Amino acid sequence: MLNQFITDPMVLRAAQAAGAAILALMVAYLARRADINMQREAIVSLVRGISQIVIVGLLLTIVLGRARWLSAFVLLAMTLAGAAIAARRTKQIPGILQVTMRSIVLGAGLVIGIMVGLEVIDRSPATLIPVGSMIIANAMNTTALALDRFRAEVEAHTGQIEAGLALGAASTVVVAPYLKAAVQAGMIPSVNNLRSLGIVWIPGVMAGMVLAGTDPIEAAIYQFVVVAMLFATAGTTALLCTLFVRSHAFSAAEQLTLRMKA
Amino acid sequence: MTDNSRTGGGIHAGSASYAGRATVIETRKLSRTVQGKLLVDDISLEVKQGEIVAVVGPSGAGKSSFLRLINRLDEPTGGTVYLDGLDYRQLAPRELRRRVGMVMQSAYLFPGTVAENLCFGPRQHGEDLPVQEIDRLLEQTGLEGFAQREVLHLSGGEAQRVSLARTLANKPEVLLLDEPTSALDERAEREIEALLMRVLRDHHLTALMVTHDTAQAERIADRAILIEAGRLILNGSVQEVLNAEPVHH
Ligand SMILES: Nc1ncnc2c1ncn2[C@@H]1O[C@H](COP(=O)(O)OP(=O)(O)OP(=O)(O)O)[C@@H](O)[C@H]1O
Ligand SMILES: [Mg+2]
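So the protein sequences, as listed, match chains A and B. Per our numbering, the first sequence starts with residue 1, numbered consecutively. Per our numbering, the second sequence starts with residue 263, numbered consecutively.
So here's chain B without its partners, still in its complex pose (with noise of 0.2 Å):
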């Protein structure tokens, strides 16, 4: 599936390589409040076909929240968010929600085997996924042999691989990554990142990552955003908004 030819730009590439693409995703004047209090406030944002956003900030800034709104599993209060030039709000939540893929800072499987962890998605939208290509996205998240074991048996490293597949097993065009590997240790922390970058490639998905950790962000990234207090404050190259950032480690 590594498609070597394709890969071949580099993943540190600076913005300006990606302006003369297509824009997968657009925010505009994203906001959301919650009992008189701004989560997300006014958040404008684009972000183009193949780019990896590294989306940094304090703890409790919202950028879960901002997150959480670009799949729609929260509802925003203001403005709205644009899929391939197209308001989300005039797609089905479900079908936003396969070509929108999300991975947690935790794995939260479902009971049962691996493998049923990967047929959830396609399943919910009437396909079963064959075995073929169960045994493919095993191999490419380094989870060989693992269809059948059950779930509960898995380490935590073990268990965001599956995570990550299940989300993968939708072809989503984007992805939402919110701080996927900081409930891992740092051997761990570092497969599941190098994992992320090669399926980011070879996927050519598009993705928003939130991490507090500023060296994984230089590590994936092509751009960063900054948000506090629910604001966009800096939006540019990743050594730019983590110079201006206040270092949280």
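Bound-form chain A, shown alone (with noise of 0.2 Å):
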């Protein structure tokens, strides 16, 4: 219907995007009916988002075809952003950005590193951006979700942890059923992402790929190959980030020091 009226691709696009926010800021005022406050959330949310994937198409075009060390730089960036926004969101946990930083930086880059050096993904900044911020993304998203359900185990049986180092337990054994939780916790998007892959969710790559003219049975197997990926990055990355969190909330006396901020 949009493209009736309007001619300039970038105006449509504008206008397209205006449209997706209107229907966004509808569901937060309904949501605001039945009493849940999020309209004002919606709004920053959706202003936030749109400038920063805007200025990330920017850097995009100063990027594509440029030095590849100014790919890596950019997935650095990322990295750290991502470290510092999972942090966020375990906020309860005394110095957890040293957890969250060490987790994606590891996690995402032995993943980026070896489907780079197996030459799997492209090396073409074209390619390594888009799909190793994918990478990235997935690892600060698990890292996120398995330090929560860490920190709510960990607040709900302090109890029996104590018991079990008074017990003459070691900390890696009272915490362990914890520490699976929260590696499971940390998967399940992935997981579920796997499978359901083009039964009820034909992602982003292919269905971009499928737009832009490429081959969809192409485009299907380069989709697999990103999800594997994204699947072993979320292994990857709630193994070693249980791992660094059991060594951060225990001492070397085998006493657990973790304590929670409100």
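Note that these hints are calculated values from the structure, not bench results. Treat the numbers as computed from the prediction; the structure is a model and nothing was measured. Honestly, I wouldn't trust all of these hints.
Claimed, not checked - Covered stretches of chain B, as calculated for chain A (at least 3 residues, CB under 8 Å):
1. 329-336
2. 352-359
3. 378-387
4. 424-437
Here a beta-carbon is modelled for each residue, glycine too, at the ideal position from N, C-alpha and C.
The task is to assemble the complex, starting from two chains supplied on their own in separate frames and drawing on the hints.
Here it is in structure tokens:
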């Protein structure tokens, strides 16, 4: 409908963005009538979202086709931002930033490194940046989910944990069931994505490639590659961050030193 | 297991009768500060072999904090504890905690059966608890036939018995009891208390027991200490300490 009135492609995109934003605001308005106040947050998030993504678009036009070290730099910046965001979601755990930082740098870095080394991911910034960013975002979400679950489990089971320690158990033993729960919680979205791939979900990469005119079979296979990489990222990051948070939560003398902030 | 010739001494023996015994636990200038707040302030205390010391004081005085330092569940920020004359920092924390058992206000049992809970401690030190030993512990704590019961379905009193049996399975030398009966109704409280007295005597255990219940302190303890605002205010006979302490009940 919009394209009947608007011919300039940039104006058309802007109009489309406005349409999507209006829909989102309508949902926020409806939620308010159900006494769920998210209007303010919705507006802030929408404005933030569009500014961030447009700025990234601008950056990409600058970076694409230029020196490769630039894309490494962009990915590193994304990793640090991801660590900060994941840390903010588990801010009850003091000093959690160093845990999210190490997990995301190592988890995402490992997968990106291996995939680039095997040339599964092309080194050109046009591929490396978007695919790398998906891997980093997935590492971030996995870390945030796993750590939040870890926090909740430790909070709910402090008594059992300390009872175990008081019986002479190692911290690794007393916390094992909660680490397992945390790893599983962190991986749920990635497992679901792998399961629902193609059935209820045609993900962005494939959609984009098909829209851009790539052969759908080729697009599908590459999409599988991406989802499998995301799954590997989730597994690696979930394991890493639970190992890191475990040593963060206990002292060398097998004491639960983690005290949550309100 | 009950050896009457050994329990003949009576548990109401005053502290004087322990004068010749070896010191099992000694805290020396033990302190713990958290975020600038002194939870435990310079407490020095000796506890003799087989002695039962009641720890009393107002809520928030630092009684639990003090006990948690003795098995090193928390780290002292000053001073240390000697166990049988040895600075406990020279012991592996896990071995220390096997020897210095703790029973808390809540049972905090692990999901599973009663028997699995009893086996937990010994397994941490590479030991399998023999079936006879499980039965003996259950009998001793009044839990005959409970071995295969799920802990989920136990009453508060039963759970606390399991908690005690689980700690005893480690064959500790010292017991730290942090209000072990305060979460129970009066009947269960008296039952557990009687059980505790029997167990402490039978195993010749040295014990520190936090209690809000002055009558309970009188029934169980050989000696009492009063802690206020993290400091050891008074150390003497149960009567002496209870007379000095404002009544909390
Ligand atoms: N980790 C901690 N960080 C900061 N303050 C703490 C911590 N643990 C305990 N406290 C505070 O230290 C003080 C002593 O607490 P503690 O639990 O030792 O008292 P208590 O004598 O056992 O009290 P109650 O009889 O109510 O059990 C309290 O004011 C408590 O809020
Ligand atoms: Mg207490």
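Status of each hint after checking the structure:
1. 329-336: With 4 residues close enough to chain A, the hint holds.
2. 352-359: With 4 residues closer than 8 Å to chain A, the stretch 352-359 of chain B meets the three-residue bar; holds.
3. 378-387: holds (count 4)
4. 424-437: It holds, with 4 qualifying residues against the three required.
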